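So the sequence lines, in the order shown, correspond to chains A, B, C, D, E and F. Position one of the first sequence corresponds to residue -1 (this note's numbering), numbered consecutively onward. Position one of the second sequence corresponds to residue -1 (this note's numbering), numbered consecutively onward. Position one of the third sequence corresponds to residue -1 (this note's numbering), numbered consecutively onward. Position one of the fourth sequence corresponds to residue -1 (this note's numbering), numbered consecutively onward. Position one of the fifth sequence corresponds to residue -1 (this note's numbering), numbered consecutively onward. Position one of the sixth sequence corresponds to residue -1 (this note's numbering), numbered consecutively onward.
Think of the hints as simulated: they come from the structure by calculation, not from any bench. Among these hints, one or two may not hold up.
Any copy, or any two copies together, can satisfy a pair, since identical chains are not distinguished.
[To be verified] No more than 16 Å apart at the CA atoms, straight line, and that leaves these computed lysine to aspartate or glutamate pairs for EDC-like:
no. : residue 1 : residue 2
1   : 94        : 41
2   : 11        : 24
3   : 94        : 24
4   : 134       : 41
5   : 94        : 78
6   : 145       : 41
7   : 11        : 102
8   : 145       : 162
9   : 145       : 24
10  : 123       : 52
11  : 149       : 102
12  : 116       : 102
13  : 123       : 49
14  : 149       : 52
15  : 145       : 90
16  : 134       : 102
17  : 11        : 87
18  : 11        : 142
19  : 134       : 81
Here the structure is a predicted model, which means the values were calculated and not measured.
Okay, here's what each chain looks like letter by letter:
Number of protein chains: 6
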Amino acid sequence: MTDLLAVVDTLCKTPRVGWLQRGAWDAESVCAHSLLVTLLAGEIAARLNAEGAEINMAEVLAVAAVHDLAEAVLGHPGREVRDRLRWEELEEEIFKREFPHLAELFRWYRYETNTVGKIVAFADKLATLIRACRYKQLGYPTDDLAKALYKKLMAYDGLAHILDYYVGRYCGGVLP
Amino acid sequence: MTDLLAVVDTLCKTPRVGWLQRGAWDAESVCAHSLLVTLLAGEIAARLNAEGAEINMAEVLAVAAVHDLAEAVLGHPGREVRDRLRWEELEEEIFKREFPHLAELFRWYRYETNTVGKIVAFADKLATLIRACRYKQLGYPTDDLAKALYKKLMAYDGLAHILDYYVGRYCGGVLP
Amino acid sequence: MTDLLAVVDTLCKTPRVGWLQRGAWDAESVCAHSLLVTLLAGEIAARLNAEGAEINMAEVLAVAAVHDLAEAVLGHPGREVRDRLRWEELEEEIFKREFPHLAELFRWYRYETNTVGKIVAFADKLATLIRACRYKQLGYPTDDLAKALYKKLMAYDGLAHILDYYVGRYCGGVLP
Amino acid sequence: MTDLLAVVDTLCKTPRVGWLQRGAWDAESVCAHSLLVTLLAGEIAARLNAEGAEINMAEVLAVAAVHDLAEAVLGHPGREVRDRLRWEELEEEIFKREFPHLAELFRWYRYETNTVGKIVAFADKLATLIRACRYKQLGYPTDDLAKALYKKLMAYDGLAHILDYYVGRYCGGVLP
Amino acid sequence: MTDLLAVVDTLCKTPRVGWLQRGAWDAESVCAHSLLVTLLAGEIAARLNAEGAEINMAEVLAVAAVHDLAEAVLGHPGREVRDRLRWEELEEEIFKREFPHLAELFRWYRYETNTVGKIVAFADKLATLIRACRYKQLGYPTDDLAKALYKKLMAYDGLAHILDYYVGRYCGGVLP
Amino acid sequence: MTDLLAVVDTLCKTPRVGWLQRGAWDAESVCAHSLLVTLLAGEIAARLNAEGAEINMAEVLAVAAVHDLAEAVLGHPGREVRDRLRWEELEEEIFKREFPHLAELFRWYRYETNTVGKIVAFADKLATLIRACRYKQLGYPTDDLAKALYKKLMAYDGLAHILDYYVGRYCGGVLP
């Protein structure tokens, strides 16, 4: 799949199936999700740096921007499909074959092998959480997902205050 | 996933990823594909009955109409995902859990256990073939897929004249 | 109109005008409606069979799947257009000309000439009712339609408990 | 149907069914068609005035802008539906009930009772012709429609040079 | 930009960016807005005429129908872009070059040089106000815009009762 | 505009107006363009590194991913609007206010102050060129744009072989 136009258009026209399954009319595309992760990860890095961390902003943005590229080949199947495969390994295999120059950046995220990867993994879940909150506020039944994600995000050490900020900003009336 | 509105909307908003990967702007949804299979299977049954067969029209239409329902849960991932799973078994499992009253009809199609199922399986591939031909005629590179499907369809005994008819009608300039 | 690709795409791109006229952003297409009728009719048949009826599941699904095909030719005009024509006869004429092998199945539904046709006619109205309820829950003024359909559905003998089930499941806050 | 937001959104989300029936992916909406008629009618009036005519530009634009409003109520059904009704009278009835202040302008167009109405009626057909030419150039089978419209447009006295200009500009390779 | 098909399709596919920036899924296009202004302006003229005014209905409709044509060339940028340019002069320049036969009508609206232009300018703001109210009722944060527009509309002499009517009809729960 | 969901959705729903103005049905969104620039810039960096350069891959990806963020506020107006403003300064101002932590990365690209920024600026034009070629191959009149971009891309020192590769891959039949 070496046609980059097709890669981009596949990612920008593939809806994330979890929103469809909860009845949302206007399901976020994979590429819109990736951009949201990029913006969130960049903001988080900036906040942490303001607190004294030394996170490489470019690396955070880069990893976030490419973290879902394998879905151009794999599509975005339902949870039950992912659970039956070693999805991570499959994604990595696609990266090695189609985007070998990006495979290392992908690994940082997927296996959370360094701080950059951990921030992007956190931002990935957070992006889904705040989108779930917005859908809920508009009348769609996404609270199950919001709660499950919130719990996972609470498990990240040292990012609780970041989580609090975004929940306060985007999840009014959905999460406590 | 007991919300039938969400089942329908997921199927009607999930693009078939193979068209996206070949650059098509307006990728057929899973539900549009199912309807095309239904119409083709009905026409084929009518033709065969006119030639003296005794095919149950209602059964052909019914099986075709529901054959892809599992994709409401599974989504429509790329070929590489399907190839790594026992996709058929996964679909059957979804039918048993979500649509148990339709599971037998699904099995006819999936395992081609009777003539009705065989016709729907043929119509399923044929529907993809003629859509591939149309995309090709509009300028998209789908000929690889058209050729592969044509070969598979040739392997169906007793349906060669049916195949010829549809290729002549829809694949001008794409297949010989 | 012998091009089946055009038949399918017309049905899947024609919005049901009643939703547009009530301001809904994301009006259900004719083909999404047909799929919903198919799923509902299948569920209803399964329930009735579990209660001891002997309804042919394939026939119910088949009739539901094709019941609106004539709209590929006729489009989906407003209520006032339908009311001024013998719409049923016009539909039947289209079936006879374009889909003669399906014309008998259509008649079962349209004139409710047997139990199968009656169930599909019930499911057709029910599909519109539960979609109206969903639109209302999202903020659109479809309650007039919901109430009118509920009244019509109450008139079907022996299906009141079916109606109750679906209203309880999909119409919370809209119907009593 | 006094909700003007719904009137507008119905017109802008109702595809003209003739394009769907010829397989076009991106069928023109009724409101896009109305705008095209408005722009064409304005250009034609300007050309005729430059040749010495005295056509009221505002009237031409106004009639064109509203000429299809009745479709907010009636929808945009297929040709066979229109042919079985006194469609013109039905449209007029809708105007009288819903848009009484516009009913006279509508009549100018519909019955070509004056020069303004005649120009808009010409522009209405011309808009459909040049759209048909564009669809044909992109690969859709609309030439039957283009030819039929061209013939009708040739019957307008004194506008042959206008027709020639637009055919030369938009119909290269479609009409001679 | 002499291709009228491209002019129309640009206007009908360009979303008004203010709605996107407030999160609306289904942002009104420029051409849908123009049609709403046309319908409102026509209704307002009819009401004023019923009160004894002598407003030329065709002129009001014509000016409204074309008032945003320059956006086919300019697009629909954000407020900050418009504020840094003499946007009005830029629009006028486009009219003179692309649609010289409509430039005078545009000027009536843009500079409110006569009653017709003033009514269209009022209807333009009113159309945005009632759309903002509808978005708010569906859950989007457009109240800032609604309030700002209401204030501007209050400044139009002799139209307060018109404003009251539309606010009562469309802005329940949004404006007092 | 601190709502990141609205930022993302604005970018993913804003069509690039130049494609609309050339009649393309399916105009690329700003966010799809940004993703294409990111993928191209990454590939180019990988090629140059394989030739012995030492380009920071993460920086190239990061700058590309964010280079058009200001359009969430500014929209994507036509060329004539941009030409009348100091567009670059306006973009920079938005970055400083809305995304201060990304402003330096933006400057690298906008003013081509280092190799990373130069590669992204090249990839930005190249992304538009190959999209123009694809539109042309599908029948839209974008060759003027393709030629103008090709000329600008030729002016980049040391990247001629990169340009040749992409033109050979994507512009068959459009550029020599």
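Here's how the hints hold up against the structure:
no.	hint	verdict
1	94 / 41	between (29 Å within a copy, 14 Å between copies)
2	11 / 24	both (12 Å within a copy, 9 Å between copies)
3	94 / 24	neither (33 Å within a copy, 30 Å between copies)
4	134 / 41	neither (24 Å within a copy, 28 Å between copies)
5	94 / 78	between (25 Å within a copy, 15 Å between copies)
6	145 / 41	neither (23 Å within a copy, 32 Å between copies)
7	11 / 102	neither (26 Å within a copy, 31 Å between copies)
8	145 / 162	within (14 Å within a copy, 32 Å between copies)
9	145 / 24	neither (21 Å within a copy, 28 Å between copies)
10	123 / 52	neither (22 Å within a copy, 33 Å between copies)
11	149 / 102	neither (28 Å within a copy, 35 Å between copies)
12	116 / 102	within (14 Å within a copy, 24 Å between copies)
13	123 / 49	neither (22 Å within a copy, 38 Å between copies)
14	149 / 52	neither (27 Å within a copy, 42 Å between copies)
15	145 / 90	neither (29 Å within a copy, 30 Å between copies)
16	134 / 102	neither (36 Å within a copy, 36 Å between copies)
17	11 / 87	neither (24 Å within a copy, 28 Å between copies)
18	11 / 142	neither (25 Å within a copy, 22 Å between copies)
19	134 / 81	neither (25 Å within a copy, 36 Å between copies)
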